[in-house]
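Protein chains: 2
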Amino acid sequence: MSAHHQHPHPEEHLGSSALLQDIVIGLSDGLTVPFALAAGLSGAVQSSELVITAGLAEIVAGSIAMGLGGYLSGRTELDHYAAEQRREYREVDEVPEVERAEVRELLADMGLSAATQELAMRELTADRDQWVKFMMKYELGLEEPDPRRARHSALTIGLAYAAGGLIPLSAYFVTATPAEGLLWSAVITLLCLLVFGFFKSRLTGQPPVAGALKMAAIGALAAAAAFGVARLVGG
Amino acid sequence: MSAHHQHPHPEEHLGSSALLQDIVIGLSDGLTVPFALAAGLSGAVQSSELVITAGLAEIVAGSIAMGLGGYLSGRTELDHYAAEQRREYREVDEVPEVERAEVRELLADMGLSAATQELAMRELTADRDQWVKFMMKYELGLEEPDPRRARHSALTIGLAYAAGGLIPLSAYFVTATPAEGLLWSAVITLLCLLVFGFFKSRLTGQPPVAGALKMAAIGALAAAAAFGVARLVGG
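Chains A and B are the protein sequences, given in the same order. Residue numbers for the first sequence, in our numbering: 828 to 1062. Residue numbers for the second sequence, in our numbering: 828 to 1062.
One should not assume that every hint holds.
The calculated BS3-like cross-link candidates involving lysine-lysine, where the alpha carbons are at most 27 Å apart (straight line), are [to be verified]:
#, chain 1, residue 1, chain 2, residue 2
1, A, K960, B, K964
2, A, K964, B, K964
3, A, K964, B, K960
4, B, K960, A, K960
Stretches of chain A that chain B covers, calculated by requiring three or more beta carbons in the stretch to come under 8 Å of a beta carbon on chain B [to be verified]:
#, region
5, 941-948
6, 1026-1039
One side only, chain A facing chain B, incomplete, derived with CB under 10 Å [to be verified]:
#, residue
7, S844
8, I879
9, I1015
10, C1019
11, V1056
To be clear, the hints were calculated from the coordinates, so they are not data collected in a lab. The beta-carbon is built from N, C-alpha and C at its ideal position, and this holds for glycine as well.
Construct the complete structure from the given sequences, taking the supplied hints into account.
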């Protein structure tokens, strides 16, 4: 069994690491949205300070929303698993015949003959914990989530969003006008999106050059649209 | 088999609908981030027009980033499934003994005796397509994704984000000053977050009142933090 095969969930194929996955989630949005917002404002206001103020407010808002969102969805996953597990234990105790029929159905779906279904079903359901584990995994597709994951995930996503967002914004700190800031911000951010898209695609086993171009295209499109709208409304 | 049991993936338990799930993703961020950004700017600038300009730029940037992000991750899921399937077919053809050992290992993990593992393994691997289907689902935990899903998902998430974002921003259209706009924006948005959190939690089978309070707390916290940062930097 190769290293690749040890993780049953598609999400976990991503470099086999939940940490890396959270960094990717935070960075892709962090590089894109604050960049596009700052670009948009550059088309509508004359003060770099205003672009920076709005950019920082967005980074704070976005990293809290994404970080807490990540935390709560992790907690919900834990609660959900525990609730489904209680439910399966109850069903195994109260309607064992229904649950046995479900086991048989899953085994039939795998392509087993009626005789082997019967045999495998009897062995699977001999132990109550084993039986529930089988139902959780093969009927519901649920793996037991790591309880510490939720907190780590929140922190990682939030920090990655903030780190990503500070990159496009940094250009406005060192330039005199929003227009000049936008130029450098676009150069730096598009480069970062290309590099980030390249490695992200390599991690997920996708063609890396296409992935790099896609990431940069999203950023450019979002920035162009924000620029157009801001100029239309406030310029 | 209850309706609840027909969907093997945890994500799909959410009201059994991918559409609903996309709306929830778009709305939770759409209600939170533009609200917090506008709140932040209200503490730093004197012009409602500026808050609206920045808010609209953020909504455009965010809905494109989220919508396109949703589209590309849907496409990646399709590519990933196809690549893994090709790989499994190749492995079944080239190293059938390794793959048979993996099948036996999965069956052992289910709690089957050595004799039943052997029997079930022979039946499972008799048909090549059935064999690959088993490996895809039970070894890798991958279900065949719906090819139309990616496009629909992008559109839904993007529109839900925009719809969510226009709610907090609408207050600034009808009030004279940013401070007044912020007051009404907070009232409207926190109410929406309470209602949204309530129904979202009910859909996912979580305690709805706690869910409502959590959603509102995230929004309030993000807005307060953005307000503080913007006032510090630009006020």
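Here is what the structure says about each hint:
1. A:K960 x B:K964: 16 Å, holds
2. A:K964 x B:K964: 11 Å, holds
3. A:K964 x B:K960: Given that 27 Å is the threshold and the Cα spacing comes to 16 Å, the pair holds.
4. B:K960 x A:K960: 21 Å, holds
5. 941-948: Since 3 is at least three, the answer is holds.
6. 1026-1039: Coverage by chain B holds here, the residue count being 3 at a Cβ distance below 8 Å.
7. S844: Check failed: Cβ of S844 (chain A) comes no nearer than 16 Å to chain B, outside 10 Å.
8. I879: 6 Å, holds
9. I1015: For I1015 (chain A), the interface hint is violated, since the closest Cβ of chain B sits about 17 Å away, which is over 10 Å.
10. C1019: Violated: closest Cβ of chain B sits about 14 Å from C1019 (chain A), beyond 10 Å.
11. V1056: The hint holds - V1056 (chain A) has a Cβ within 10 Å of chain B, the shortest such distance being about 5 Å.
Of the numbered hints stated above, those contradicted by the structure are hints 7, 9, 10, listed in ascending order.
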